[in-house]
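Produce the complete structure using the sequences and hints provided.
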Amino acid sequence: MSLSFKESRRRTASAFMYALCAASTLAIVTVLLMVAGYLAWIGASSLSWNLLTTVPTGDVANPGGMRHAIDGTIVLVLLAAMLGVPLGVLAGIYLSEYPEEARLTGPLRFIADVLTGVPSIVVGILGYELLVVPVSRLTENSISFSGFAGAGALAFIMIPIVARTTEEMLRLVPRSYREGSLALGATRSQTIFRVVLPGAFGGITTGIVLAMGRIAGETAPLLFTALGSRLLTHDPRQPFPSLTLQIYTYATGPYPEQRRLAWAGMLVLLALLFVLNLAVRIVAARQARGRLH
Amino acid sequence: MLRWACRLSGLVIAAMLAALILVLANSALPAIRKFGAGFITSSEWRVNEIERPLRGPDGKVVMGEDGVVMEILPPAFGALPVIYGTAATSLIALVVAVPLSLGAALFLVRVAPRLRIAGPVSFLVEFLAAIPSLAFGVWGLFVLAPMFQNSVAPLLRRILEPVPGLHWLFFEKITVAGRIIERPIPLNGRDLLTGSLILAVMILPIITSVSRDVLRSVPRIQIEGTLALGATWWQSCVAMLRYARSGLLGAVLLGLARAAGETMAVTMVIGNNNQISASPFAPAQTMASLLANEFGEATDGMHRAALLYVALILLVMSLAFNVVARKLVVGRPSHAVH
Numbered sequence: 000m001s002l003s004f005k006e007s008r009r010r011t012a013s014a015f016m017y018a019l020c021a022a023s024t025l026a027i028v029t030v031l032l033m034v035a036g037y038l039a040w041i042g043a044s045s046l047s048w049n050l051l052t053t054v055p056t057g058d059v060a061n062p063g064g065m066r067h068a069i070d071g072t073i074v075l076v077l078l079a080a081m082l083g084v085p086l087g088v089l090a091g092i093y094l095s096e097y098p099e100e101a102r103l104t105g106p107l108r109f110i111a112d113v114l115t116g117v118p119s120i121v122v123g124i125l126g127y128e129l130l131v132v133p134v135s136r137l138t139e140n141s142i143s144f145s146g147f148a149g150a151g152a153l154a155f156i157m158i159p160i161v162a163r164t165t166e167e168m169l170r171l172v173p174r175s176y177r178e179g180s181l182a183l184g185a186t187r188s189q190t191i192f193r194v195v196l197p198g199a200f201g202g203i204t205t206g207i208v209l210a211m212g213r214i215a216g217e218t219a220p221l222l223f224t225a226l227g228s229r230l231l232t233h234d235p236r237q238p239f240p241s242l243t244l245q246i247y248t249y250a251t252g253p254y255p256e257q258r259r260l261a262w263a264g265m266l267v268l269l270a271l272l273f274v275l276n277l278a279v280r281i282v283a284a285r286q287a288r289g290r291l292h
Numbered sequence: 000m001l002r003w004a005c006r007l008s009g010l011v012i013a014a015m016l017a018a019l020i021l022v023l024a025n026s027a028l029p030a031i032r033k034f035g036a037g038f039i040t041s042s043e044w045r046v047n048e049i050e051r052p053l054r055g056p057d058g059k060v061v062m063g064e065d066g067v068v069m070e071i072l073p074p075a076f077g078a079l080p081v082i083y084g085t086a087a088t089s090l091i092a093l094v095v096a097v098p099l100s101l102g103a104a105l106f107l108v109r110v111a112p113r114l115r116i117a118g119p120v121s122f123l124v125e126f127l128a129a130i131p132s133l134a135f136g137v138w139g140l141f142v143l144a145p146m147f148q149n150s151v152a153p154l155l156r157r158i159l160e161p162v163p164g165l166h167w168l169f170f171e172k173i174t175v176a177g178r179i180i181e182r183p184i185p186l187n188g189r190d191l192l193t194g195s196l197i198l199a200v201m202i203l204p205i206i207t208s209v210s211r212d213v214l215r216s217v218p219r220i221q222i223e224g225t226l227a228l229g230a231t232w233w234q235s236c237v238a239m240l241r242y243a244r245s246g247l248l249g250a251v252l253l254g255l256a257r258a259a260g261e262t263m264a265v266t267m268v269i270g271n272n273n274q275i276s277a278s279p280f281a282p283a284q285t286m287a288s289l290l291a292n293e294f295g296e297a298t299d300g301m302h303r304a305a306l307l308y309v310a311l312i313l314l315v316m317s318l319a320f321n322v323v324a325r326k327l328v329v330g331r332p333s334h335a336v337h
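If you read the protein sequences in the order shown, they are chains A and B.
If you read the first sequence in numbering that gives the first Met the number 0, its first letter stands for residue 0, the second for the next number, and so on.
If you read the second sequence in numbering that gives the first Met the number 0, its first letter stands for residue 0, the second for the next number, and so on.
Treat the hints with care, as some may be off.
Here are some chain B residues pointing at chain A (derived, C-beta under 8 Å) [stated by the list, open to error]:
hint	residue
1	ALA18
2	VAL124
3	TYR242
4	ARG244
5	THR262
6	PHE294
7	GLY295
8	VAL322
Here are the computed distance ranges between Cβ atoms for each label pair [claimed, not checked]:
hint	chain 1	residue 1	chain 2	residue 2	range
9	B	ARG113	A	GLY252	31 to 39 Å
10	B	LYS33	A	LEU137	46 to 54 Å
11	A	THR29	B	PRO112	38 to 46 Å
12	A	ALA22	B	ALA14	41 to 49 Å
13	B	ILE116	A	PHE15	15 to 23 Å
14	B	ARG2	A	TRP48	50 to 58 Å
15	A	LEU25	B	LEU72	31 to 39 Å
16	B	PHE122	A	PHE15	23 to 31 Å
17	A	THR29	B	ARG45	41 to 49 Å
18	A	ARG102	B	GLY35	36 to 44 Å
19	A	VAL59	B	VAL162	22 to 30 Å
20	A	GLY57	B	ALA86	17 to 25 Å
21	A	PHE109	B	ASP299	54 to 62 Å
22	A	ALA22	B	PHE122	38 to 46 Å
Keep in mind the hints are simulated off the structure, nothing from the lab.
Here a beta-carbon is modelled for each residue, glycine too, at the ideal position from N, C-alpha and C.
Spelled out as structure tokens, the structure:
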């Protein structure tokens, strides 16, 4: 009797925990969909064409649009990519293609992984100390916040991510490709440039675009470097606007009209990220198919 | 040629880490020299000099020959309140997020594949990991905080306040004119608890996806062995969790590192007050939110050095969490973290 009682208790416990696991999955998906759904819903209701085409008016009741901030984010991300992509990809090649230097690449891989976990606010402060303070001293300006400094801080976040994804993608290229190329008399560099890199091109591009999406959503690194601006500017030597900074300013401010703009701006940012993700997945899938045939 | 270019780029990564540590340490040097290790145990955070009437041990204003005797409190900087804020928010976030994440990870590994929903659910979790923290901040500020202010906190108050021994949850003691008085904490939804819950939501995806990968790498034979011995579904899950415990600890630590360093969302909902309060309904401050709030306005040299000292502590702490976590989660594909 006691055994069967134990048995049924153990089965009930199992069923209970099974239900709990299913419930927690449901809870996570629900909460996260709630966040995304709410942002989309409220954002969509305050979305307008003016948002994309006009710049701030300075009038809190009729605050204008976010054209300057959208342009700013695009410029910042492109500038950061100009620095981050070459360095990141080359570092990724180093981590993957030079196994004989494992004594150096092993620790470097670990450092790259650890760097992806550094709080972004700390990166922003480093950017301030390295790219804003010295420039202020040099130019004898009061404080030289600039688009360049913001892009530098974003590149700092981008480099380790691009390096690690590049490495992972290069590792997917079969060893036999490299051996075949080397056996035909190609040098190491020729093998990397003509065989290995083209083989991993789709994956590396995907990684780069996803990294660009990640830095486009960053706010903290820009607080003390790009600073933000209400002007439409394309001169990165000046304090520079960004979508995230503008949303933060508006969202934490007291004016309801600006708060609505923050919602709408957030929707624009999320839509931008979503389209980026989607485009990359489609292109990568098409490329993978093209290579097979 | 290429080898050198690659090696150089690799070394840039090492240089980045070195720059982080050296530049922050160097800029924080004045504060490190002045406060030393006592910085982390002191809870005074006074940016500007304060002049106030001197009070005797009885709490009464001391009168001198020409009126009230004033005392001048010099600026002081101590990191205890923000260290407490970071620790408390991160721990509450973990307590909420870890059971949910582990349950979901078990579901994704043991149940979802059979129902053919592992793909879509995993995709959702990973897509949501890519939502910027500012989005969670905006959501927290406009949805979660008002919800707490208008319904959750008043409800909790009505239920918990009459309970003996829980009085401290809703009242705080403050010093006014030398006397300690008690007043109710204004429940405005921007407090330690809201900050913690936002963090919990934000670390769900990372803990779920990393522990899912860890659980997936448990050898099949381990599970089958327990089932062959007559274990129930849950008992074999427990065996699985036990087998993967170091990797799971790594997943939790990655979540902890993310929570401790998270800036924008917390800054927007935590209330930003450098104080240590026993009540989770009181506004607080974390290291990251202190930096986001004050660094831009820190013109005074020692104030800035003190903030950099806080940044250095935050950096060293998150580096330590990350190093340990990644040592524990070995052989896990790295894309799950990004």
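Hint check:
1. ALA18: Holds, about 7 Å.
2. VAL124: 7 Å, holds
3. TYR242: Interface hint status for B:TYR242: violated (17 Å vs cutoff 8 Å).
4. ARG244: 17 Å, violated
5. THR262: With a minimum Cβ separation of about 4 Å from chain A (threshold 8 Å), the hint on B:THR262 holds.
6. PHE294: 6 Å, holds
7. GLY295: 6 Å, holds
8. VAL322: Holds - the Cβ of B:VAL322 comes within 8 Å of chain A, reaching about 6 Å at its closest.
9. B:ARG113 to A:GLY252: 31 to 39 Å: 50 Å, violated
10. B:LYS33 to A:LEU137: 46 to 54 Å: 28 Å, violated
11. A:THR29 to B:PRO112: 38 to 46 Å: 21 Å, violated
12. A:ALA22 to B:ALA14: 41 to 49 Å: Given a distance of about 48 Å, which is inside 41 to 49 Å, the answer is holds.
13. B:ILE116 to A:PHE15: 15 to 23 Å: 21 Å, holds
14. B:ARG2 to A:TRP48: 50 to 58 Å: Since B:ARG2 and A:TRP48 have Cβ atoms about 52 Å apart, the given range 50 to 58 Å holds.
15. A:LEU25 to B:LEU72: 31 to 39 Å: 53 Å, violated
16. B:PHE122 to A:PHE15: 23 to 31 Å: 29 Å, holds
17. A:THR29 to B:ARG45: 41 to 49 Å: For B:ARG45 against A:THR29, whose Cβ atoms are near 44 Å apart, the range 41 to 49 Å holds.
18. A:ARG102 to B:GLY35: 36 to 44 Å: 37 Å, holds
19. A:VAL59 to B:VAL162: 22 to 30 Å: 45 Å, violated
20. A:GLY57 to B:ALA86: 17 to 25 Å: 42 Å, violated
21. A:PHE109 to B:ASP299: 54 to 62 Å: 38 Å, violated
22. A:ALA22 to B:PHE122: 38 to 46 Å: 20 Å, violated
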